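Chains as they are written, first to last, in my numbering: chain A, 528 to 1007; chain B, 639 to 761.
Keep in mind that the hints were calculated from the coordinates and are not lab data.
Since we're looking at a predicted model, the values are computed, not measured.
The beta carbon of each residue, even a glycine, is placed where N, CA and C say it ideally should be.
One or more of the hints may lead you astray.
Derived coverage of chain A by chain B (criterion: at least 3 residues anywhere in the stretch with Cβ under 8 Å from a Cβ of chain B; other residues may be distant) [stated by the list, open to error]:
{"no.": "1", "region": "754-764"}
{"no.": "2", "region": "769-777"}
{"no.": "3", "region": "893-905"}
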Amino acid sequence: MSQSMILLVTTGHSASLYLIQFAYLVATALFIFSLKWMSDPKTARHGVFAGVGGMLLAVIGTLINPDLVNYTSIAIAVVIGTAIGVPLSWVPLTAVPQRTALSHAFGGLAAGLVGTGKYYLWLQEGPEQLTAFRMTAIAIEIILGFLTFTGSLMAAGKLQELRWIPQRPVTYRGQNLVNLLLLAVAIGCGAALVVNPTWSILFPAIIVLSLLFGILLIIPIGGADMPTVISLLNSYAGLSAVAMGFVLDNKLLITAGALDGSSGFILSVIMCRAMNRSFTNVLFGAFGQVQQSGAVTEKKTAKTETIEGAAQILEQAQLVVIIPGYGMAVAQAQRMVRELFDHLTKRGIDVKFAIHPVAGRMPGHMNVLLAEAEIPYDKLVEMDSINPEMSQADVALVIGANDVVNPAARHDKSSPIYGMPIIDADKARTCFAIKRTMNPGFAGIENELYYADKTYMLFGDAKAVVGALAKELSGGSGIH
Amino acid sequence: MLFHLPLLLAALQTGTASTPQAGQDPTFDYMSMLFVFMLATFIGFEVIRRVSRLLHTPLMSLTNAISAIAVVGSIILAGGDHPTYINVLGLVAVVASVTNIVSGFLITDRMLKMFKKREPGRQ
Chain A
528 MSQSMILLVT TGHSASLYLI QFAYLVATAL FIFSLKWMSD PKTARHGVFA
578 GVGGMLLAVI GTLINPDLVN YTSIAIAVVI GTAIGVPLSW VPLTAVPQRT
628 ALSHAFGGLA AGLVGTGKYY LWLQEGPEQL TAFRMTAIAI EIILGFLTFT
678 GSLMAAGKLQ ELRWIPQRPV TYRGQNLVNL LLLAVAIGCG AALVVNPTWS
728 ILFPAIIVLS LLFGILLIIP IGGADMPTVI SLLNSYAGLS AVAMGFVLDN
778 KLLITAGALD GSSGFILSVI MCRAMNRSFT NVLFGAFGQV QQSGAVTEKK
828 TAKTETIEGA AQILEQAQLV VIIPGYGMAV AQAQRMVREL FDHLTKRGID
878 VKFAIHPVAG RMPGHMNVLL AEAEIPYDKL VEMDSINPEM SQADVALVIG
928 ANDVVNPAAR HDKSSPIYGM PIIDADKART CFAIKRTMNP GFAGIENELY
978 YADKTYMLFG DAKAVVGALA KELSGGSGIH
Chain B
639 MLFHLPLLLA ALQTGTASTP QAGQDPTFDY MSMLFVFMLA TFIGFEVIRR
689 VSRLLHTPLM SLTNAISAIA VVGSIILAGG DHPTYINVLG LVAVVASVTN
739 IVSGFLITDR MLKMFKKREP GRQ
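Hey, can you work out the whole structure from these sequences and the hints?
Structure follows, in C-alpha cells:
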C-alpha cells in the first residue's frame, strides 16, 4: 500500500514535470516569434502579444510545480512588482533610456539574488550538491548579475542627471588597472569556490567586488557612449539569465536569456560601428581624455541667420533633410518639429529625417521620439540610405545634433572622432544648425560644420526656434 | 500506515525539494544545456539582425521583458520549502522580475502603437 502510494505520488509528480517542460517549450517558441515579428513595424505589435503569451505560459507552468509551498507570499510579490511596473511604463518617451537602464538593473538583481539563494541552499543541503558545473554557473550568474545591477543603476542615474552622480566622465590614473584587478579578483574567488564550494567566506566577497566593479565600470563613461553601454548592459542582463538557467537546469531560461543576450550584443556592435570604436575603447577609453585636444582651435566665427531668412530658404527648397540629435529630446521639441514637418509637406516640399544610429541616448531613441510626434515612420531614413542623397538636399536642418554631423570625422586625423561615420549635412546646399550656444558638444570637440561657408546658425532653444520657423511658414504662405 | 505517510512525503520532499540532482532526473544534462544555449544564441543573432532599425528602442524593452523570464527561477526559490531567508531572496527577485515583465511589455506596446505610416485622411 505504502509502495503504491509512492508510485502514485511519483507518477503524478513526473507527469506534472513533463507538463511544465511542455509549457516551457511552447513559451520558448512564442518568444522566438515575438522577436521575429519585430522585423517590421506592421507586425511588431503581434510580437508583444506573443511575448506576453509566452510569459504567462512560463509563469503558470512554474506555478504548478509541486515543490512550491508558499503561494501567498509569491502573490504578494507579484502584486508589488505590478504596482511598480505599471507606473514605470508611463514614463515620458524622453525618459525611456533611464527606464531601460533601470530594468536592466532589476534583471541583474534578480539573477544575482537567485544565484545567492541557490548557493546557500545547496551549501546547507550538502556541499556535494555544488558540483563544479553548478558552482561555475553560480559564480558567473552572481558576477554578471550584480555588476549589471550597480552598473545599470549608475547608468540610469547619469541619464536621469541625478545631482549626486557625476555626469562628466570621471577618470583617474590607473583606472583601468584598478577595474580589471577588481574583476580578476572576483573571478579568482569564483574559481576558488569551484575548487572548494565550502570556502563560503569568498561568496560575499564576490558579491561586493561585483557590485563595486559595476559602479567603477560606468563612472568613466559619458552620455555620448550611453547607447553602447546600455546595449552592453542589456547583453549582460540576458547572459545572467542564461547562467541562472544553467544553475537551475532550466532550458527556457537559457533560451530566453540567450535571445536577450544576443540582442544586446548585436545592438552594441551596431553602436560601436556607428562610432568607429571598439568595445574596449568604449569601456576603457573614456571620452574625458579628449577634452584638451579639442580646445586648441583658432578663433573662427560662425554666421547666423534670422528666423525669417531661414524660413524663406526653407520655403524654396524641394528636399529638406532634418537631422535630429539628443538636443531635440532635451528641449522636448518633437511636437514643434512635427508642425514644421506638416507646414513644409503641405507646400509640396519633401521632408526626410536622417537618423544616426547613436543619435540620442539609446539605440533607436530618435525614431521613438519622432514616432510619438506622429511623424510617419517611412520618413525616418537611416544614415547609410540618406547620405547618397545629401548632395541633392536643398536644406539640411540640424536640430540638437552635434558630433554626428561633424565633417572632421571624415578628414581630420587628429580629431578624436576621426573615422566615425557621420551624416553629411555639409553636402547639402544650405545647412542650418539650431543650437543654444557655441559651446562644443558632449565630447568637447569643436564642430567644423558650424564654420562652413554654407552653414548658418539659428541660436536659441530648439523648441522655440523650430516653433518660430513653423509659425513663419504657416502664415504668409499664400501671399507670395 | 497513516503513520507512515508524512514520513514518506517528507522523504519525497527532500529528494525533490530543490532541482533534481544529477543522475536522478533524465532531463538533467549539462551537454544538452550547452547545445540549447548555442542554438538559441544563433537563433537570437539571426532574428535580431532582421529587426528594423526603427524599432531598436522597443526591441530593447521587449527583450528586457522576455529576459525577465528570470521570474521562473525566482518563483522556484521564493515558493520552495526552504529557510525563510532564502525565500526572501527569491521574493525580492520575483518583485524585480515582475516589475520588468509588466513595465517592459506595457511600454513596448505603447511605443509600437506610435509607429504609423501616413494616414490617408490626415493633413
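Structure-based check of each hint:
1. Here's how the region 754-764 of chain A fares: 4 of its residues keep a CB closer than 8 Å to some CB of chain B, so the rule of at least three is met and the hint holds.
2. With 8 residues carrying a beta carbon less than 8 Å from a beta carbon of chain B, the region 769-777 of chain A meets the three-residue requirement, and the given coverage holds.
3. Using a Cβ-Cβ cut-off of 8 Å, 8 residues of the region 893-905 of chain A lie near chain B, which meets the minimum of three, so the contact claim holds.
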